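Residue numbers (my numbering), protein chains in the order written: chain A, 1 to 628; chain B, 1 to 71.
To be clear, the hints were calculated from the coordinates, so they are not data collected in a lab. Any given hint could turn out to be false.
Claimed, not checked - Mimicking DSSO-like on lysine-lysine, the simulated pairs with C-alpha atoms at most 30 Å apart in a straight line are:
#, chain 1, residue 1, chain 2, residue 2
1, A, LYS445, B, LYS3
2, A, LYS406, B, LYS39
3, A, LYS481, A, LYS7
4, B, LYS39, A, LYS625
5, A, LYS80, A, LYS242
6, A, LYS625, A, LYS80
7, A, LYS481, A, LYS539
8, A, LYS7, A, LYS625
9, A, LYS14, A, LYS625
Said to hold, decoys possible - What the simulated footprint calls covered on chain A by chain B, stretch by stretch (three residues with Cβ under 8 Å from a Cβ of chain B suffice, anywhere in the stretch; the number is not a length):
#, segment
10, 542-552
11, 594-606
Everything numeric in this text was worked out from a predicted model, so none of it was measured. C-beta: ideal position from N, C-alpha, C; glycine also.
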Amino acid sequence: MIIRMAKVEIVGPKQDLLNTLDLLHNRGIFQPDPHLMEQVVLAEDDRLQTLVLDENELRERSFFQDLQERVTTLLELLPKNSNGSSRLQPLPVMALLDELVDQHLAAARDQVGILNECRRNAEDLQHDLSFWEALEPLLEDLPKDSNLELFGVTIRDVRQLQNLDSLLQERTQGRCYISSTTTADGTLIGLIATDKGTAGNLREALTAERVPELHLPEELAGLPLPQRITALRAQLTIQLNKCNQFELRLIDMSRRWRPIYRQALAWLEERLALYRATATAYTTRLCFIIQGWMANDEVDSLHDDLNRSFSGRVVLEQQVIIEEDLDQVPVMLRNPGYFAPFEILSRLLPLPKYSSYDPTPLIGLFFPVLFGMTLGDIGYGVVLMMLAFFLARHFPAHTLASDIGKVLGIAALYTLVFGVLYGELFGDLGETWLGLHPVWFDRGKAVVPMIVFSLTVGAVHILLGMTLGALTELRRHQPRKALIKLAMLVAVVLMVLALVGWFYPQSWLSTGPLLIGVGILMPVLIAAEGLLAPLELLKTMGNIISYVRIMAIGFSSILLAMVANRLGGMTGDIMVGILVGGTLHAFNLLLGVFAPTVHSLRLHYVEFFSKFLDLGGRRFEPWQKRHP
Amino acid sequence: MEKVWIAFAAALAVGIPALATAWAQSRIGAAGAGTLAEKPELTGAIIILVAIPETMVILGFVVAAMILLMV
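Extracted from the complex, chain B is given alone in its bound form:
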């Protein structure tokens, strides 16, 4: 039973930040698409901006890995 809770905790640790990242990327992506219509030269900057919220899910992944491997 304990294993189930550990797996559940790890899933939450990576799942919730994944949802948050998806939400942030959807907002940034929509704004970025609008920006690109006006200023195509900002393509590189927009790609980087879209990638920025992924830090959340990466950190979530680290926590999940720590839960699975160290608990």
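Excised from the complex, chain A in its bound form:
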């Protein structure tokens, strides 16, 4: 249901403003609304103006903002390894924190810079090593000759490799050998071997052809290739150890300081939120005034709190919600135990306006009934109940899965009840095996009674919606609109009765006078609503006929269940029959959950709620601490 809200005004001396805001912030039950004050300012009092902070307050705010930025930067630099908390009260040590944060920021920047460079070096070494390691197997094909000079090169593609081979053979008069391989990342690399005498020539040729040699740290350039690889591995190990040491230093710093700075940042955020909230306050020369909204049942407790904290200097006054305010009142929904899980379905709609209704209790009452009427099968009801029980027990309370479980459980109960009324257990299996008979009627055969039943439910549902629509207009102090809605309701009742009289003639139900009644009402409705009135009447009749889907979907469900039973029986083998029948029943159950859910919701959202629900409300968002 929609919680009753109160429009309140809080007035006090200017010097108590920040403390008042702090108290409101801590309570988390008040939503300031500066637009309310704008109306007051425009209407009556030009002495009221928005609050301008004095010099000291501006300086303090600027200091806190600057400190917040530095603390945020520091926390971004420190590793997130510590979830510890601190009991430090930041305000008394703010000056010290101001000094410390600069030192820690400088230290952390240095450490992070060194660590990043160390990691870059390690990555480069790893990259070089991966290339040289890829060349290592190629060494086995070469003779163990100390006079050999070896080059590692990166080659663009196979074509360049062929060109390079011919060029080098030509330049060294055939005194060179080139072999190639591919690294893990797909780069083509080559190993070129030649004698030391022609190495200079060969290097020039590589430079001319722009074939890059594999990178190698300068200090390793003079080493033979196998030793280069060993030295690279050793260098990489040293570099990784260095990285670990720098990382450990940062982790240690984070472990000691991160909880303290997190606490300080939370405090700073709350404090700056207070300054931002001052924008919602208006002031005179000596006083401040804040207007806003809160739940009606919390007004007394906030009133007492303000009295106690400010010794009566700050006053809370409840004001009358006038008609112009109705669209501005924020909306808070709260539903008792049974209805609460159904909020997952009402949340699919925008919020209702304050003067309208919370759709949740109505969905809670009618959704399971429509679902049960559509699916209506003892077997399916039991299976869904077990599934609902699992969801509700296995998942923590108030989670989506748990709420789905509870809604499904209630819907399953109605499925079971209607299953008994229709005499269905996995379609006609109950009748075949257990001699089960319908208590009410067999909807597999009684198509017309089921259509009439669905239409009756539709008529009751829609007429209830129209009644609520008329009541909504009364609540909005619009008696003329309420009367028009009531006249439309009467016209629909007369039309429905006329149709009943036409299809099922009764001595007491004469179609003629009923249609004359509609004929009398119609000019009144056209005069009030224009030419749309007859269309609205037809639309409402269409809305009622739309409820036939309850019968249609249920009919298809029972036919599918019967097909599953027949096919299972035709296999001639118990096990295969159970497998075939079970699979088809599982498919039917899946459809049987999805289709009634979607269509029951659609009947609510499109047909029922369109008659009275006024959507587009503003959510109640009380001003509260981000870090409780």
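We have chain A already, so just place chain B on it with the hints.
Chain B alone, transformed into the frame defined by chain A:
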């Protein structure tokens, strides 16, 4: 022969709206899928929108049932 025509009329009464519903749902479904890529929070509204054209086939079904049962 008359029974054949009655059955044929009932089939048309439910078949043509079924095609119309399918066409409407394909358009709404495609647009809905695009919308969901941008705004997943509209899932509920999209499911309802997709279900709206089914009224056509439901009404077709009612007419077909009336043809079969009342003619």
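Results of checking the hints against the structure:
Proximity of A:LYS445 to B:LYS3 is assessed by CA-CA distance (about 20 Å); at most 30 Å being required, the pair is judged to hold. Distance check on the hinted pair: A:LYS406 and B:LYS39 sit about 27 Å apart at the alpha-carbon level, within 30 Å; holds. For the proposed pair A:LYS481 and A:LYS7, the alpha carbon gap of about 27 Å is at most 30 Å, so the pair holds. Proposed proximity of B:LYS39 and A:LYS625 is supported: the alpha carbons are some 29 Å apart, at most 30 Å.
Between the alpha carbons of A:LYS80 and A:LYS242 the distance comes to roughly 21 Å, so the proposed pair stays at or under 30 Å and holds. Between the alpha carbons of A:LYS625 and A:LYS80 the distance comes to roughly 23 Å, so the proposed pair stays at or under 30 Å and holds. Distance check on the hinted pair: A:LYS481 and A:LYS539 sit about 19 Å apart at the alpha-carbon level, within 30 Å; holds. Note on A:LYS7 and A:LYS625: the hinted pairing holds, with a Cα-Cα distance of about 22 Å set against a maximum of 30 Å.
Only pairs whose Cα atoms come within 30 Å are accepted, and A:LYS14 paired with A:LYS625 is accepted, the gap being roughly 23 Å. Beta-carbon proximity to chain B at under 8 Å applies to 6 residues in the segment 542-552 of chain A; the threshold of 3 is reached and the given coverage holds. Counting residues of the segment 594-606 of chain A whose beta-carbon sits less than 8 Å from any beta-carbon of chain B gives 6, enough to reach three: the coverage restraint holds.
Comparing the model with each earlier hint shows no violations; every hint is respected.
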